Amino acid sequence: MRRRVARHAVAGVASVAVGIALWQAIGVRSIPTVSLPALVREAMPASGVSHDITAVLLNFRSYDTLLEIAVLLAAAVVALALRDTPRERMPASQPYLILDTFVWRITPLLVLVAAYLLWAGSTRPGGAFQAGSVLAGAAVLLRLSGLAVLSVDDRLASRVVVVFGLSVFLLVAAGTLLAGQPLLAYPPAWAGALILMIEAALTLSIAVVLFSLFDNAPQSRPAAAPAQRGEA
Amino acid sequence: MNADRLYAYVGVVLFAMAMYAFLTHTHLLRRLLAFNVMGGGTFLILVGLAQDGRGPDPVPQALVLTGIVVAVSATALAIILLRRWFALSRSTALPEDQS
Chain E
1 MRRRVARHAV
11 AGVASVAVGI
21 ALWQAIGVRS
31 IPTVSLPALV
41 REAMPASGVS
51 HDITAVLLNF
61 RSYDTLLEIA
71 VLLAAAVVAL
81 ALRDTPRERM
91 PASQPYLILD
101 TFVWRITPLL
111 VLVAAYLLWA
121 GSTRPGGAFQ
131 AGSVLAGAAV
141 LLRLSGLAVL
151 SVDDRLASRV
161 VVVFGLSVFL
171 LVAAGTLLAG
181 QPLLAYPPAW
191 AGALILMIEA
201 ALTLSIAVVL
211 FSLFDNAPQS
221 RPAAAPAQRG
231 EA
Chain H
1 MNADRLYAYV
11 GVVLFAMAMY
21 AFLTHTHLLR
31 RLLAFNVMGG
41 GTFLILVGLA
51 QDGRGPDPVP
61 QALVLTGIVV
71 AVSATALAII
81 LLRRWFALSR
91 STALPEDQS
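Chain order of the listed sequences is E and H.
If you're matching positions, the first sequence starts at 1 in this note's numbering and goes up one per residue.
If you're matching positions, the second sequence starts at 1 in this note's numbering and goes up one per residue.
Keep in mind the hints are simulated off the structure, nothing from the lab.
All figures in this text were calculated on a predicted structure; none of them were measured in a lab.
A portion of the hints provided could be inaccurate.
Unchecked claim - Chain E side only, calculated, beta carbon under 10 Å to chain H, not exhaustive:
| hint | residue |
| --- | --- |
| 1 | Pro37 |
| 2 | Ala76 |
| 3 | Leu156 |
| 4 | Ala157 |
| 5 | Ser158 |
| 6 | Val161 |
What the hints assert, rightly or not - Beyond 10 Å from chain E on every Cβ pair, some chain H residues (computed):
| hint | residue |
| --- | --- |
| 7 | Phe35 |
| 8 | Val70 |
| 9 | Ala74 |
Note that the Cβ used here is the ideal one computed from N, Cα and C, for glycine as well.
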């Protein structure tokens, strides 16, 4: 009990102190002399897209996005390593008329929305992650409703798709280096096409990574582990 | 105080509240949720401060978007680890927090 009180007291003091420090820091921070929005606006014509956030994500700071998809790949690999083996499949349930009809109607629509989001990314908000997460959501819906979707068990195809986005991105990066440009500096004439290609590859990979993170989650029921003391 | 500055201040409050929750709870799922709220507060501070008085700034917005993607996948991975831990130990807290 005393430890509990001490823990709450220390946590309260620490978080209030951090909060006050941050609050003060916001008030006294210095205004940067370089205007990033102005720099981005200047460079927009060479970026290959007309939406500034997409231009930053996939052209000016595409290194960040390259590392982001690498992080997703790492997460997917760890999830694959931790999954239950062998995985018993959900038994085929009897058909639910309303659920099945709804899922079959909504799935093509979700794919269409994902394709639109991917395409819209070059001119307005949208892009690879938004499209990929809609696709992953569609796959999760299919899996939860008991319909067969690509199982991320041992199929080579799903693993290839998981690394597809990073591979395309790395190939483009290597291509720019081979062409004598700095890393990931696209030639302005090709930038639009390259960005769309990378985004399409990223969309597929993000969708499969997010779905496999869902699908590979271990059962929370213990297999045969001896029951231990629960949480106090 | 303009709206952009307000976002940053709300981010600070969220961060401090979530930090308190993160430090006091021992249930791993609660900790994970608190950590996510801390991340949300950080994102609010980043975007709100960057565009304070200067209009939308695409660079921190893109950074935050990347951060959200990484946070989502890291959270999913953390839940997988958590379920594995629960299946093996039947416990929702780390050994040093069990009292």
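Sort out which numbered hints this structure fails and list those numbers smallest first.
Numbers 3, 4, 5, 6, 8, 9 - these are the hints that the structure violates, sorted from lowest upward.
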